[in-house]
Amino acid sequence: MESEKSNKIKVVLLSSIAEDLGWNEKFLTIEGTQMKVFSVWNLINSNLPQDNIIVSINQEITDMDAMINPDDEVAFMPMFTGG
Amino acid sequence: MESEKSNKIKVVLLSSIAEDLGWNEKFLTIEGTQMKVFSVWNLINSNLPQDNIIVSINQEITDMDAMINPDDEVAFMPMFTGG
Amino acid sequence: MRWHLCQCLPVDNLRIKFKILEETFNPYKEFELWEKVNKNSANSFFIGRVRPFDQFGNDLKKLEIIHYKGMTENYIKKYLMKISEKQDDLCIFLLHRIGFIYPNEPIILIAVSANHRGIANKYLQEILEFTKYKVPFWKKEWTFKGSSWVKKNTDLGFEL
Amino acid sequence: MRWHLCQCLPVDNLRIKFKILEETFNPYKEFELWEKVNKNSANSFFIGRVRPFDQFGNDLKKLEIIHYKGMTENYIKKYLMKISEKQDDLCIFLLHRIGFIYPNEPIILIAVSANHRGIANKYLQEILEFTKYKVPFWKKEWTFKGSSWVKKNTDLGFEL
Numbered sequence: 001m002e003s004e005k006s007n008k009i010k011v012v013l014l015s016s017i018a019e020d021l022g023w024n025e026k027f028l029t030i031e032g033t034q035m036k037v038f039s040v041w042n043l044i045n046s047n048l049p050q051d052n053i054i055v056s057i058n059q060e061i062t063d064m065d066a067m068i069n070p071d072d073e074v075a076f077m078p079m080f081t082g083g
Numbered sequence: 084m085e086s087e088k089s090n091k092i093k094v095v096l097l098s099s100i101a102e103d104l105g106w107n108e109k110f111l112t113i114e115g116t117q118m119k120v121f122s123v124w125n126l127i128n129s130n131l132p133q134d135n136i137i138v139s140i141n142q143e144i145t146d147m148d149a150m151i152n153p154d155d156e157v158a159f160m161p162m163f164t165g166g
Numbered sequence: 167m168r169w170h171l172c173q174c175l176p177v178d179n180l181r182i183k184f185k186i187l188e189e190t191f192n193p194y195k196e197f198e199l200w201e202k203v204n205k206n207s208a209n210s211f212f213i214g215r216v217r218p219f220d221q222f223g224n225d226l227k228k229l230e231i232i233h234y235k236g237m238t239e240n241y242i243k244k245y246l247m248k249i250s251e252k253q254d255d256l257c258i259f260l261l262h263r264i265g266f267i268y269p270n271e272p273i274i275l276i277a278v279s280a281n282h283r284g285i286a287n288k289y290l291q292e293i294l295e296f297t298k299y300k301v302p303f304w305k306k307e308w309t310f311k312g313s314s315w316v317k318k319n320t321d322l323g324f325e326l
Numbered sequence: 327m328r329w330h331l332c333q334c335l336p337v338d339n340l341r342i343k344f345k346i347l348e349e350t351f352n353p354y355k356e357f358e359l360w361e362k363v364n365k366n367s368a369n370s371f372f373i374g375r376v377r378p379f380d381q382f383g384n385d386l387k388k389l390e391i392i393h394y395k396g397m398t399e400n401y402i403k404k405y406l407m408k409i410s411e412k413q414d415d416l417c418i419f420l421l422h423r424i425g426f427i428y429p430n431e432p433i434i435l436i437a438v439s440a441n442h443r444g445i446a447n448k449y450l451q452e453i454l455e456f457t458k459y460k461v462p463f464w465k466k467e468w469t470f471k472g473s474s475w476v477k478k479n480t481d482l483g484f485e486l
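Residue numbers (my numbering), protein chains in the order written: chain A, 1 to 83; chain B, 84 to 166; chain C, 167 to 326; chain D, 327 to 486.
Simulated from the structure, these hints should not be mistaken for laboratory data. This structure is a prediction, so every number in the text was calculated from the model and none was measured. Fair warning: there could be bad hints in the mix.
In silico DSS-like pairs for lysine-lysine, Cα to Cα no more than 27 Å straight-line [what the hints assert, rightly or not]:
#, chain 1, residue 1, chain 2, residue 2
1, A, LYS8, C, LYS235
2, D, LYS362, C, LYS227
3, B, LYS93, D, LYS403
4, C, LYS227, C, LYS298
5, C, LYS252, D, LYS458
6, D, LYS387, C, LYS202
7, D, LYS412, D, LYS458
8, D, LYS412, D, LYS466
9, D, LYS477, D, LYS403
10, A, LYS26, A, LYS8
11, D, LYS388, B, LYS91
12, B, LYS109, D, LYS355
Some chain A residues near chain C, calculated using beta-carbon distances under 8 Å [unchecked claim]:
#, residue
13, SER15
14, SER16
15, ILE57
16, ALA66
17, ASN69
18, PRO70
19, PRO78
20, PHE80
21, THR81
Don't be surprised by glycine CBs; every beta carbon is placed ideally from N, CA and C.
Looking at chain A on its own, in the form it has when it is part of the complex:
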């Protein structure tokens, strides 16, 4: 049974992606119970190249095809350059 109420996810941007889009985190309301990471990426941004973007759901690295549930935290980040 589909719930009619809208649901929130937290979107986190890091490093150059946060700087390019001008924000660090945002709560988004998603329709239905799930959506693909890729759909969130499209929702927040239509210009940045998708190559070499690392994505995580609830701080676990995953890919653009993974599904996000309500209350999840999804993050988009560039390649790591630490150490």
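Assemble the complex: chain A is given as a structure, and chains B, C and D must be docked to it using the hints.
Same frame as chain A, but now just chains B, C and D:
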């Protein structure tokens, strides 16, 4: 022209070889102008196995077939175990 | 073999110590403190320091490192726990800076001890590559003209 | 690249420092002193300490290391000079004990710095293997029952 006077070489033993033979260094008088390292080894010792013995002439590693000249320093040592 | 029991400072009772630091540190003091409680015979250490130049060769004012709070710590912890299970004598110590770091200040410290030199060196290098490529850290270089994110890690300096 | 100029303590004006020591030393103080004059970004260190057991598993009283005075120094020096010529940013520091060394005291210290971590780690390991297998040093283990020469070096701890 062969010289009739005898010539001296210095023989150095190291580590377990010095301990096995009971001395650290000795001057030996050699007949003629040259002799093989192997001959010196035989001269000083007839019991120790020759395997894995490192030899040097004037502190440069060489082998049992190398020739020793008067005033040279020849040394016999076991495998290195430093570091 | 009695000396397999390592007395490292424990994190969750393991032979692991790591920390993400917002302030600079003295790596020698850290090594000394760490090795005091660690009786292994082979001890390998690494210190990475900030180069005084940026990726384009300009004078560097400072380096900035950011992390993804929570995720970064968890990734390091899980990885170090996995490594420490491979050898029961391994002790691991990792410090990584975040925030602003000035030329020649340390960014990263790694210490690994074991009963064999090969083991200590091998895992030190694995941990170093891991922190460069698999952990959420990002570097931004500040010069006297502006700033830019580092796009690519420095290489090993030779072909493998 | 200006940071290729290394300011190591010079031996014969080279980027090499080494010494054979008859007394114990504090490796952290040595590292600190060495790195102060050395502005490379990648710094690899190794400390080898005396195990508290001999090769047969008995309690060790002390380790004795002897060298072939003159030859040992020359072999190390020639080798380190050859290594330092391979990379113009390499700085190398080597200390090796001789005489009596007690459990947990340092036998060997190696420090190598370069502009790339891979280079520093690679040459540190090469120098360590070199001092184990190619330099005239010999170890004798003293227990409370007697003494015996070490016949074979400890292995790396894993198969290459």
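Hints and how they fare:
1. A:LYS8 - C:LYS235: 21 Å, holds
2. D:LYS362 - C:LYS227: Holds, at roughly 20 Å.
3. B:LYS93 - D:LYS403: Distance ~24 Å between B:LYS93 and D:LYS403 Cα, so the pair holds.
4. C:LYS227 - C:LYS298: This hinted pair holds, its Cα atoms lying about 22 Å apart.
5. C:LYS252 - D:LYS458: 26 Å, holds
6. D:LYS387 - C:LYS202: 20 Å, holds
7. D:LYS412 - D:LYS458: At roughly 21 Å apart (the allowed maximum being 27 Å), D:LYS458 and D:LYS412 satisfy the hint.
8. D:LYS412 - D:LYS466: Violated. D:LYS412 to D:LYS466 sits at ~35 Å, over the 27 Å cutoff.
9. D:LYS477 - D:LYS403: Holds, because 25 Å separates the two Cα atoms, which is no more than 27 Å.
10. A:LYS26 - A:LYS8: Holds - the C-alpha atoms of A:LYS8 and A:LYS26 are around 10 Å apart, at most 27 Å.
11. D:LYS388 - B:LYS91: 38 Å, violated
12. B:LYS109 - D:LYS355: 42 Å, violated
13. SER15: 4 Å, holds
14. SER16: Holds - the Cβ of A:SER16 comes within 8 Å of chain C, reaching about 4 Å at its closest.
15. ILE57: 11 Å, violated
16. ALA66: 15 Å, violated
17. ASN69: 18 Å, violated
18. PRO70: 20 Å, violated
19. PRO78: This hint holds: A:PRO78 lies near chain C, its Cβ roughly 7 Å from the closest one there, short of 8 Å.
20. PHE80: For A:PHE80, the interface hint holds, since the closest Cβ of chain C sits about 6 Å away, which is under 8 Å.
21. THR81: It holds, given that the least Cβ distance between A:THR81 and chain C is near 5 Å, below 8 Å.
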